[in-house]
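*Asks:* Chains as they are written, first to last, in my numbering: chain X, 43 to 304; chain W, 43 to 304.
Hints are not guaranteed to be accurate.
Note that identical chains are pooled: a pair holds if it fits in a single copy or bridges any two copies.
The list that follows gives simulated cross-link-like pairs (lysine-lysine, DSSO-like), each with its CA atoms no further than 30 Å apart [to be verified]:
id: 1; residue 1: Lys216; residue 2: Lys261
id: 2; residue 1: Lys216; residue 2: Lys229
id: 3; residue 1: Lys148; residue 2: Lys98
id: 4; residue 1: Lys216; residue 2: Lys148
id: 5; residue 1: Lys212; residue 2: Lys229
id: 6; residue 1: Lys72; residue 2: Lys98
id: 7; residue 1: Lys229; residue 2: Lys261
id: 8; residue 1: Lys148; residue 2: Lys229
Calculated from the structure, these hints are not laboratory results.
There are 2 protein chains.
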Amino acid sequence: MQNNTEFNFRALLDGAIPGLSLDCVVFGYKNKKLHVLLVRFNISKVWALPGGFIPKNADMDTVANQVLLQRTGLDNVFLQQSRIFSSPDRMWDSNTQSRLAIDSLKSTWPESLTEELNAWFDQRFISMSYMALVDAEKAHPKIDFLSDACDWIPLDELPDLLLDHDQMIKEAHKQLRMKINSLPIGKSLLPERFTMSDLQSLYEAILDQKLDRGNFQRKMIRLGFLNRHEKLMTGAQNKAPYLYSINDEAYNELLEKGIGFS
Amino acid sequence: MQNNTEFNFRALLDGAIPGLSLDCVVFGYKNKKLHVLLVRFNISKVWALPGGFIPKNADMDTVANQVLLQRTGLDNVFLQQSRIFSSPDRMWDSNTQSRLAIDSLKSTWPESLTEELNAWFDQRFISMSYMALVDAEKAHPKIDFLSDACDWIPLDELPDLLLDHDQMIKEAHKQLRMKINSLPIGKSLLPERFTMSDLQSLYEAILDQKLDRGNFQRKMIRLGFLNRHEKLMTGAQNKAPYLYSINDEAYNELLEKGIGFS
Numbered sequence: 043m044q045n046n047t048e049f050n051f052r053a054l055l056d057g058a059i060p061g062l063s064l065d066c067v068v069f070g071y072k073n074k075k076l077h078v079l080l081v082r083f084n085i086s087k088v089w090a091l092p093g094g095f096i097p098k099n100a101d102m103d104t105v106a107n108q109v110l111l112q113r114t115g116l117d118n119v120f121l122q123q124s125r126i127f128s129s130p131d132r133m134w135d136s137n138t139q140s141r142l143a144i145d146s147l148k149s150t151w152p153e154s155l156t157e158e159l160n161a162w163f164d165q166r167f168i169s170m171s172y173m174a175l176v177d178a179e180k181a182h183p184k185i186d187f188l189s190d191a192c193d194w195i196p197l198d199e200l201p202d203l204l205l206d207h208d209q210m211i212k213e214a215h216k217q218l219r220m221k222i223n224s225l226p227i228g229k230s231l232l233p234e235r236f237t238m239s240d241l242q243s244l245y246e247a248i249l250d251q252k253l254d255r256g257n258f259q260r261k262m263i264r265l266g267f268l269n270r271h272e273k274l275m276t277g278a279q280n281k282a283p284y285l286y287s288i289n290d291e292a293y294n295e296l297l298e299k300g301i302g303f304s
Numbered sequence: 043m044q045n046n047t048e049f050n051f052r053a054l055l056d057g058a059i060p061g062l063s064l065d066c067v068v069f070g071y072k073n074k075k076l077h078v079l080l081v082r083f084n085i086s087k088v089w090a091l092p093g094g095f096i097p098k099n100a101d102m103d104t105v106a107n108q109v110l111l112q113r114t115g116l117d118n119v120f121l122q123q124s125r126i127f128s129s130p131d132r133m134w135d136s137n138t139q140s141r142l143a144i145d146s147l148k149s150t151w152p153e154s155l156t157e158e159l160n161a162w163f164d165q166r167f168i169s170m171s172y173m174a175l176v177d178a179e180k181a182h183p184k185i186d187f188l189s190d191a192c193d194w195i196p197l198d199e200l201p202d203l204l205l206d207h208d209q210m211i212k213e214a215h216k217q218l219r220m221k222i223n224s225l226p227i228g229k230s231l232l233p234e235r236f237t238m239s240d241l242q243s244l245y246e247a248i249l250d251q252k253l254d255r256g257n258f259q260r261k262m263i264r265l266g267f268l269n270r271h272e273k274l275m276t277g278a279q280n281k282a283p284y285l286y287s288i289n290d291e292a293y294n295e296l297l298e299k300g301i302g303f304s
């Protein structure tokens with residue numbers, strides 16, 4: 043376990059905007075299941091989304107990218123604002139997990155800052171939730187001073203979470219379902235080359251429904267954002283599936299326009 | 043012109059979150075053009091989006107709804123978070139219009155609060171931009187203590203605006219184009235009954251491109267969210283267009299799912 047006192051609480055109080063934070067719902071795709079990246083507070087063992095406070099003169103998107111980089115080692119990932127959460131009862135005493143987390147956190151505070159830190163954490167925090175899509179194979183989850191685990195957790199096996207982080211995941215998943223229905227958004231979740239069956243499995247995991255194979259393939263081909271390559275040679279040649287990659291130019295045009303009237 | 047001193051600056055300083063605001067990009071559809079609702083500061087005559095500060099214990103979506111209600115008299119309108127704007131140089135001295143506005147505003151400040159208000163307005167403000175779609179025929183634009191005009195301005199005739207409000211409009215318009223490409227989002231912008239040609243004109247105004255009449259009609263009918271009614275009798279019966287209305291159940295299902303895999 044890391045030494046908690048390494049966290050610079052003085053810098054937090056002096057340099058960050060009070061009452062404002064951000065959290066990142068990072069989706070990855072592993073073993074044909076959609077996963078989300080979670081961190082676990084040390085001492086309390088409470089799970090939460092990776093996130094951070096906002097330095098007084100920072101751009102929030104930049105901070106979100108930094109959180110992603112720190113937690114996954116990845117830069118230039120698909121990262122979008124999801125939704126701002128600002129319920130008046132977004133407080134650290136709002137549920138059991140949050141109370142556990144803050145109580146343990148308090149035990150690490152320098153005595154000289156106790157009063158100021160109590161005031162800081164007693165206020166309602168408004169938090170901007172981001173959604174990120176990353177290739178889980180390329181990500182290297184990393185802990186920090188306040189956490190002792192950072193792991194990919196399948197969406198259907200989520201533990202109890204800090205604050206309203208479960209709602210943030212639910213909202214981001216809803217937005218992802220909506221987006222993948224109208225955009226070829228899968229790129230960031232896939233390896234560079236994949237089969238049509240890989241792509242369909244990804245869509246099925248996100249949409250949480252089975253799709254018709256023929257319709258799916260026709261639709262994807264028609265959208266025109268796939269390059270077809272050699273066959274994947276694993277079994278009998280006549281059954282070997284083609285490998286595909288994404289045509290960036292066509293893909294970006296679809297991302298910009300949506301598929302509705304194309 | 044209203045009396046500026048009616049604005050309660052003391053309440054602002056005591057009750058609102060420093061450094062955080064929201065702005066509303068309200069789209070309406072008039073004379074076959076997309077319009078946006080703008081307010082004009084009195085004294086400085088600077089145009090801006092309607093918006094507001096955030097009371098310390100308020101939910102931001104609730105505040106956005108209140109701004110909409112105050113400015114248009116409309117409740118329950120289509121209102122969504124668009125994007126948070128948090129550039130480090132989002133300051134009132136960042137462009138000419140903003141400097142004009144703040145200088146005039148300063149002339150209305152009670153002397154006893156000058157120092158506090160200077161500090162308040164000298165900080166960087168992070169602002170959540172909302173997008174709303176309203177039926178322009180039903181809206182009743184209203185001024186307040188700080189403004190002497192509140193009008194629908196066509197998107198292609200926008201004046202210079204406060205801060206980065208032009209970017210907020212651009213972003214909301216981009217999101218609207220994207221959404222209407224994948225959702226039957228037009229409902230809030232249309233009267234209860236409309237012709238297929240009305241609907242097509244709306245889509246063309248939002249997408250800023252001509253659409254093929256036959257394709258458009260087939261697509262809309264196929265989506266299954268339109269109820270067909272009697273013909274609109276204005277000319278020869280054989281040329282009279284059908285009137286349509288929106289089937290709320292089918293419409294809401296499409297809003298939830300998107301049209302991609304339906």
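*Asks:* Using 30 Å as the alpha-carbon threshold, which applies to Lys216 and Lys148: within, between, both, or neither?
*Replies:* neither (35 Å within a copy, 45 Å between copies)
*Asks:* Please sort Lys229 with Lys261 into within, between, both or neither, judging by C-alpha distance up to 30 Å.
*Replies:* both (16 Å within a copy, 28 Å between copies)
*Asks:* How would you classify Lys212 and Lys229 at a CA-CA limit of 30 Å: within, between, both, or neither?
*Replies:* Answer is both; intra-copy 21 Å and inter-copy 26 Å each pass.
*Asks:* Regarding Lys148 and Lys98, is the shortest C-alpha distance of 30 Å or less found within a copy, between copies, in both, or in neither?
*Replies:* Both, since 24 Å and 24 Å are each at most 30 Å.
*Asks:* Reference check for the pair Lys148 and Lys229, CA-CA at most 30 Å: within, between, both, or neither?
*Replies:* Neither. Shortest intra-copy (42 Å) and inter-copy (51 Å) distances fail the 30 Å Cα cut-off.
*Asks:* Evaluate Lys216 and Lys261 at a C-alpha cut-off of 30 Å and name the case that applies: within, between, both or neither.
*Replies:* For Lys216 and Lys261, the Cα distance is within 30 Å both inside one copy (22 Å) and across copies (25 Å).
*Asks:* If the cutoff is 30 Å on CA atoms, where do Lys72 and Lys98 land: within, between, both or neither? Let me know, please.
*Replies:* neither (37 Å within a copy, 42 Å between copies)
*Asks:* At most 30 Å between CA atoms: does that hold for Lys216 and Lys229 within a copy, between copies, both, or neither?
*Replies:* Classified as both: same-chain Cα gap 18 Å, cross-chain 22 Å, threshold 30 Å.
Violated hints for the displayed structure, listed by number in ascending order: 4, 6 and 8.
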